[in-house]
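Asker: The lines below spell out each chain.
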Amino acid sequence: MMMKWRGWALATGALAVSAMAQAAPPSAAMLSNACAGCHGTNGGSAGPTMPSLASQSKEAIEAAMKKFKNGERPGSVMGRLAKGYSDAEITAMAEFFSKQKLHVTSQSVDAAKVKKGASLQESNCGRCHIEDGREGKDDTPVMASQWLPYMQMQMADYLSGKRKMPEKMKEKVDPMSKEDLDALLHFYASVK
Amino acid sequence: MTLDRRSFLKLVGAGAGAAGLPMIGRAAELMPKGAKRVVVVGGGYGGTIAAKYIRMMDKSIEVVMIERNDHFVSCPFSNLYIGGILKDLNPLTIKYDKLAANHGVKVVQAEVTAIDPAAKVVTTSKGTVSYDRLVLSPGVDFRLEEMKGYDAAAMEKMPHAWKAGPQTVLLRKQLEAMKDGGTMVMTIPLSPYRCPPGPYERASMVAHYLKANKPKSKIVVLDANPDITSKGGLFKKGWKDNYEGIIDYRPAKKVTEVEPGKMTVLIEGLEDVKGDVVNVIPPQRAGQIAVAAGLVGDDKNWCTVNPTTFESTKQAGIHVIGDASNAGAMPKSGYSANSEAKVCAMNIVALMNGKELTEMSGINTCYSYITDKEAVSVAAVYKVADGKIIAVPNSGGVSPADFSAAKIEAVYAESWLRNILTEMST
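Top line first, the protein sequences correspond to chains A and B. Using our numbering, the first residue of the first sequence is number 209, and each one after it goes up by one. Using our numbering, the first residue of the second sequence is number 646, and each one after it goes up by one.
To be clear, the hints were calculated from the coordinates, so they are not data collected in a lab. Please note that the accuracy of each hint is not assured.
The calculated lysine-lysine pairs, modelled on DSBU-like cross-linking and capped at a C-alpha distance of 30 angstroms, are [stated by the list, open to error]:
no.: 1; chain 1: A; residue 1: Lys277; chain 2: A; residue 2: Lys291
no.: 2; chain 1: B; residue 1: Lys808; chain 2: B; residue 2: Lys1033
no.: 3; chain 1: B; residue 1: Lys881; chain 2: A; residue 2: Lys277
no.: 4; chain 1: B; residue 1: Lys824; chain 2: B; residue 2: Lys802
no.: 5; chain 1: B; residue 1: Lys1052; chain 2: A; residue 2: Lys274
no.: 6; chain 1: B; residue 1: Lys1000; chain 2: A; residue 2: Lys266
no.: 7; chain 1: A; residue 1: Lys277; chain 2: B; residue 2: Lys1033
no.: 8; chain 1: B; residue 1: Lys1000; chain 2: A; residue 2: Lys307
no.: 9; chain 1: A; residue 1: Lys307; chain 2: B; residue 2: Lys704
no.: 10; chain 1: A; residue 1: Lys291; chain 2: A; residue 2: Lys307
no.: 11; chain 1: B; residue 1: Lys881; chain 2: B; residue 2: Lys861
no.: 12; chain 1: B; residue 1: Lys751; chain 2: B; residue 2: Lys808
no.: 13; chain 1: A; residue 1: Lys321; chain 2: A; residue 2: Lys372
no.: 14; chain 1: B; residue 1: Lys1018; chain 2: A; residue 2: Lys386
no.: 15; chain 1: A; residue 1: Lys274; chain 2: B; residue 2: Lys1033
Not close to chain B: a few residues of chain A, all C-beta gaps over 10 angstroms, as computed [claimed, not checked]:
no.: 16; residue: Ala271
no.: 17; residue: Leu310
no.: 18; residue: Val322
Backbone N, C-alpha and C fix where the C-beta goes; we use that ideal spot for every residue, glycine too.
Kindly generate the complete structure, drawing on both the sequences and the hints.
Answerer: Printed below as a string of structure tokens:
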């Protein structure tokens, strides 16, 4: 009986104030939509220095947010914002974005670099950056169609030591030239 | 005399409310309403997002967005245009065609002149539109009664440029025409007003322009507030490092009157200050349509809302988002409006489907430029506690005090703009 009355009140909009007390905690969509002002609707970014979150792996987003939260990963607003969420909320947002369709970007990339990057990716990175970077092993981020300026900024942070490279990545990256790394990023940016 | 349908409607529209047409209570219904309709008033940072997200979440709800202009110019980044860093307003301008094409939002270009909350009808310059729920995102209007002499003609001499568009262009033109050695005067109203750090960013951008182009000139900032209201430490450091002798900041100087003929502003009748260019940012309140609908709270300025649904506490069925609403700890910013719109949209969809409401979670992220290559930011996460919107404790805050992130934040800010305007227009 109580439920019925409440259903009626909600449906008609009557007594919305009393219903307020019974609102459910923020859902994954409620939490994630707030991010879209900077990361694009459903996590598909239109800004070349902000990463797309759409189709990113759940584990990668969780790992990134926790590193922003504890200060391990450099960021500007992200460190401050990540502190505003519980681990459970971070997991909910990570799940939300992982379920979105890959945001395919059309970027101007250098065809020769893309070709070189494709072969470097296969022999060096493909074990973790699976399917040409469309998927990631464990918490390895999805790279496909990610914005080139964003990836270049992250690579610069890795090389300067501001951002800590995972051991397995470091083994592969250390012997590579700057040109090799640039070619790799052009390749990932080109993947549709 | 015979009338075709169009002329007849024109006549009715022109005569609505006048005594000459006793048979007709109001102008004709512009578009007959189906089962479920939300009307959104305002096509800015809040309105576009509310309209789009309702459609994204429930295609069975018809959404009509009414906006007086056929385009929208962003206030965020308009200070960069005034400072000569952006050459035109095109990067800040959006149109609505893709909201219609991609999401089926019905966009009506018209002026909303009245709201009848009992009948659930809005009257526009083109006819009436019925609704089941109404979302108002009207932005701000000015409390001109608190700024003596500041009428429409005065605004052409002493632009506010606090609504982006022709006023922004006018202020830049005046600044460009000012002689070297001239003084620009800017007035800031008591908080709360639209965009807390906006006036200080504007002072920075004007100073950037003067330093490069008219180095003998200065800007006098008359702030009604006792101190800088947002990112204070960062602005002070930025001004000291870049604009010493150019920005003359005077706190606790409340301008209450202007004399456009003399190009002076008066501080509470005690002191007058003259400028070659005068930028008056008047005190503000919720957009007039929200005031007329009786939605403002005890302060008579801002609309009180339920923090979960953004439904007015004064009128059932009307939701208010963006600068016009009092959203607790959330500042009157473009990003806040974007975030509030999504909360409002989700809970309107729940209300119209008899589903459970969801507590709000929101974000504000706001960048201010200090120079053409350096920006500072404030960011926070918001939630509801004890019926109020609060910033989540131990999170959020401003950029590092040493400006170590200022160059990278100037780069991020550009992507902020690209993303938020793309969200609003696609």
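Asker: If a hint holds in the structure, say so; if it doesn't, say that too.
Answerer: Each hint tested on the structure:
1. Lys277/A - Lys291/A: Status holds; Cα separation ~5 angstroms.
2. Lys808/B - Lys1033/B: With Cα atoms ~29 angstroms apart, Lys808/B and Lys1033/B stay inside 30 angstroms; holds.
3. Lys881/B - Lys277/A: holds (28 angstroms)
4. Lys824/B - Lys802/B: Holds: Lys824/B and Lys802/B sit about 16 angstroms apart, inside 30 angstroms.
5. Lys1052/B - Lys274/A: At roughly 25 angstroms apart (the allowed maximum being 30 angstroms), Lys274/A and Lys1052/B satisfy the hint.
6. Lys1000/B - Lys266/A: holds (28 angstroms)
7. Lys277/A - Lys1033/B: holds (25 angstroms)
8. Lys1000/B - Lys307/A: The hint holds at about 23 angstroms.
9. Lys307/A - Lys704/B: With a Cα-Cα distance of about 20 angstroms, the restraint between Lys307/A and Lys704/B holds, given a limit of 30 angstroms.
10. Lys291/A - Lys307/A: holds (24 angstroms)
11. Lys881/B - Lys861/B: This hinted pair holds, its Cα atoms lying about 21 angstroms apart.
12. Lys751/B - Lys808/B: Between Lys751/B and Lys808/B the Cα gap is close to 24 angstroms, so the pair holds against 30 angstroms.
13. Lys321/A - Lys372/A: With Cα atoms ~26 angstroms apart, Lys321/A and Lys372/A stay inside 30 angstroms; holds.
14. Lys1018/B - Lys386/A: Satisfied, since the Cα-Cα distance of roughly 26 angstroms is no more than 30 angstroms.
15. Lys274/A - Lys1033/B: At roughly 28 angstroms apart (the allowed maximum being 30 angstroms), Lys1033/B and Lys274/A satisfy the hint.
16. Ala271: holds (19 angstroms)
17. Leu310: holds (17 angstroms)
18. Val322: holds (23 angstroms)
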